[in-house]
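Enquirer: Following the hints, put chain B in place on chain A, whose structure we already have.
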Amino acid sequence: MKIKINHIEKTEGHLDFEGALLAGDVATAKILTTEGVRLMEAILTGRPFPQAPIIAARICGICPVVHSLNCIKAIENAFGFLVSDQTVKLRKLMEAAQILHSHGLHFYFLSAPDFFGQGDDLKFIKKFPKEAAAAIAVREFGLKILEVVGGRAVHPISCEVGGFKVLPEKEQLAVLLKKLPVVYNSAARLVEFSKKFSIPELFRQTEFMALSARTEYAYYDGKIKSLSGRKLNAKKFGHIIEELQLPGLGAKRANYKGKSYMVGALARLNLNSGKLNFKAKAAVKNLNLHFPIFNSFYNVAAQAVEILHFTEECEKLLMDLAKNLRPEKSISEKLKLIAFANPKGRSVWGFSAMEAPRGILYDAIEINRDGIITAANIITPTVQFLNNLEKDLEAYMPTLKKISKNQRALEIKKLIRAYDPCIACATH
Amino acid sequence: MPNKKPKIAIVSLTCCEGCEFALLDLGQRFLDLAKKVDITNFRLLRDEPKKLGHYDLCFVEGSVVTAENLEKLKKLRSVSKQLIVLGNCAQTGGVHRLKNWFGRMRALGMVYKEVKGIENKDILPISEIVKVDFEIPTCPVNAEEFLDLIYKFLAGRKFKIKQNPVCMECQARGYECLLQKGEICLGPITLGGCGAICLKSKQGCWGCRGLLEEPAVKKFADFLLTRHPKKEVESVLEVFGIKDDWQGEAEKEWEKEKKSKALMIVD
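Residue numbers (this note's numbering), protein chains in the order written: chain A, 274 to 701; chain B, 933 to 1199.
The following block holds chain A by itself, in its conformation from the complex:
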């Protein structure tokens, strides 16, 4: 029995599904990405390095922060720059804020309606208005932080290689702190809401990968760890991960040791749940989650836990910065680095990995002696999990034999959306 679903909505970017249910418990599943190619890596080539983070941000409209920051980090790695603690804190605050607003959108608006069999968000909002208000409050908190620290929420402006072009005012950060009680309530409401989801049965052993660090729930820096215990730095990760191209499809795929693997909220929790902040840890207990979980539908519950975790993270960073922020020039400004300059004076490569809302983002950039980018490779989270999603679909579909055609299509979409794929990122 062939199954084809065109134009799967409520995902970032465009995709179709094509699969079949065969005899026995065998199924095939293919995600056909239909997004046009923008060739972002090629258009970065030939540009002076200060333009790169601005162009790279445009890879994605929902996670521009991480695309911009990771590109900056890769360039700093190439130049051998060590940025100040304050810069790291401000960047972490931006990344935490971005995860909050991205998760808020995906958890409630893109994925949750599936668990209640509702296709139309505007109707879903009428059914669960308090939860909608909570998701909006969480999102608005994240967006506001980005406006204050990054200058704007979509395609932020203030960050540059070596630091920030402008710093926020202490008072603005203090104002953000005042919003916390509402945001905590909202985050807690979303965690409670996730209990109401009827999460389908699915079990498939697979590999999980996420950034991890000894001292914290890693998302800005750290080594890439796999559930099987391997630790890699960004440069090595880029060498070991195999990027594949499927004929005629714009979005590439990636394998680790010849096999599919999962990245994103569930991968982070499977690897690092012990490092969660206090309230998020309590939420894990409350939801009765025991990691590692090998059911990808739980990615949505994992996002709810992370909403709480990153609210706590924002609180910590805001408290610190609202008190201790001091004026500081970025390294670019200190060195008067102009467009056509390379402090190393020779061709250099830089590598960086960060946790985007959807998982590990990897950037590798080569800059020549004149400060011009000569090569770039970007591996986005969705590229990394597309193969795993197909494998999960193949495992899940045989359980859908006895339901109607429409119902089956909904279940398939539910699993696809639970992954939170971003095809704009994947194709870039």
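Be careful, since some hints might not be right.
BS3-like, lysine-lysine: derived pairs with alpha carbons at most 30 Å apart [claimed, not checked]: (1) A:Lys277 - B:Lys1007; (2) A:Lys687 - A:Lys275; (3) B:Lys1163 - A:Lys399; (4) B:Lys1045 - A:Lys530; (5) A:Lys277 - B:Lys1134; (6) B:Lys1045 - A:Lys508; (7) A:Lys303 - B:Lys1004; (8) A:Lys400 - A:Lys558; (9) A:Lys674 - B:Lys1004; (10) B:Lys1163 - A:Lys438; (11) B:Lys1045 - A:Lys664; (12) A:Lys509 - A:Lys617; (13) A:Lys602 - B:Lys1163; (14) A:Lys438 - B:Lys1134; (15) A:Lys617 - A:Lys602; (16) B:Lys1004 - A:Lys609; (17) B:Lys1006 - A:Lys303.
Partial selection, computed: residues in chain B whose CB lies under 7 Å from chain A [to be verified]: (18) Asp957; (19) Ala1039; (20) Ile1050.
Because the hints were derived from the structure by calculation, they are not lab data.
Every value quoted in this text rests on a predicted model; they were computed, and no experiment measured them.
Heads up, the beta-carbon is just placed ideally off N, CA and C, and yes, glycines get one too.
Expert: Just chain B, lined up with the frame of chain A:
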């Protein structure tokens, strides 16, 4: 009772969808708007309708890269009373238009080993493909302008952006002038309405809102060339597609010169 609310579609072609998120980021204000109009096609919030149309206002974001993009755009035009381009990608081609200068096949070959079967059209402004009624510029859009357009439409009034340069908004807000500081900033020739948001973060304007009517691009570029190397000026003018206008104007001037020379010979 017939539903008299205007029907609205917000549709994306190839892009980052940042403009759609900029609209969603209006939060409650977006939901309030959804009560006043009938948002019948918006794939971020609801299942896509099986058939397109008819729309009173159709907002199109992104550029045409694939045949499917092209077909969709033409279809949308035919079922919409007014078609409005949303954001820089649709208006001028966005950052990915850089591949036009880079060479689109060269760019494709850099990213993919196997290029067969991957669609890769040259990037054109939407207005060069179908008739466009209004343009909401910027990368990403200023959501206030989107609201303004719809509320004006509801009141039977026309949406129009005032012809003021970004410079004016920058000065009114007291931001530091980056041109005076010696950086490249296209504020004097770029259409305002963004509140000089980049200048607030000390980032020079690169013209993502497009040019003012009758801008003196060549004159301004000549001024920049007195202070910066050509490759630097050119590279900034490329990012949001201003270079095309610059070259266009330079060409026109050259033609004029040629003509006047020809006239002189006739004389």
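Enquirer: It remains to establish, for every hint, whether it holds in the given structure.
Expert: Checked hints:
For the suggested pair lysine 277 of chain A and lysine 1007 of chain B, the alpha carbons sit about 23 Å apart, so the restraint of at most 30 Å is met. Distance hint between lysine 687 of chain A and lysine 275 of chain A is fulfilled; the C-alpha atoms sit about 18 Å from each other, no more than 30 Å. For the hint linking lysine 1163 of chain B to lysine 399 of chain A, the alpha-carbon distance of about 55 Å lies beyond 30 Å, and the restraint is violated. Note on lysine 1045 of chain B and lysine 530 of chain A: the hinted pairing holds, with a Cα-Cα distance of about 21 Å set against a maximum of 30 Å.
Proposed proximity of lysine 277 of chain A and lysine 1134 of chain B is contradicted: the alpha carbons are some 49 Å apart, above 30 Å. Note on lysine 1045 of chain B and lysine 508 of chain A: the hinted pairing holds, with a Cα-Cα distance of about 22 Å set against a maximum of 30 Å. Among the hinted pairs, lysine 303 of chain A with lysine 1004 of chain B is consistent with the structure: their alpha-carbon atoms are about 23 Å apart, no more than 30 Å. Among the hinted pairs, lysine 400 of chain A with lysine 558 of chain A is consistent with the structure: their alpha-carbon atoms are about 28 Å apart, no more than 30 Å.
Taken as a hint, the lysine 674 of chain A and lysine 1004 of chain B pair is broken in the structure, with Cα atoms around 34 Å apart against an allowance of 30 Å. Only pairs whose Cα atoms come within 30 Å are accepted, and lysine 1163 of chain B paired with lysine 438 of chain A is accepted, the gap being roughly 23 Å. Restraint check for lysine 1045 of chain B and lysine 664 of chain A: the C-alpha separation of about 25 Å stays at or below 30 Å, so the hint holds. About 22 Å separates the Cα atoms of lysine 509 of chain A and lysine 617 of chain A, which keeps this hinted pair within 30 Å; it holds.
Our distance criterion of 30 Å between C-alpha atoms is met by lysine 602 of chain A and lysine 1163 of chain B, whose separation comes to about 27 Å. For the given pair, lysine 438 of chain A sits about 6 Å from lysine 1134 of chain B by alpha-carbon distance, which is consistent with the 30 Å threshold. Taking the CA atoms of lysine 617 of chain A and lysine 602 of chain A, the gap is near 20 Å; set against the 30 Å cutoff, the hint holds. The suggested pairing of lysine 1004 of chain B with lysine 609 of chain A is violated, with an alpha-carbon distance near 48 Å, which exceeds 30 Å.
Restraint check: the Cα-Cα separation between lysine 1006 of chain B and lysine 303 of chain A comes to about 29 Å, which is no more than 30 Å; the hinted pair holds. A cut of 7 Å between beta carbons decides the hint on aspartate 957 of chain B: the least distance to chain A is about 6 Å, and the hint holds. Interface restraint check: alanine 1039 of chain B against chain A, minimum CB-CB distance 4 Å, threshold 7 Å, status holds. For the restraint placing isoleucine 1050 of chain B at the interface with chain A, the shortest Cβ-Cβ distance is roughly 6 Å, inside the 7 Å limit, so the hint holds.
Checked against the numbered hints listed earlier, the structure breaks hints 3, 5, 9 and 16; every other hint is satisfied.
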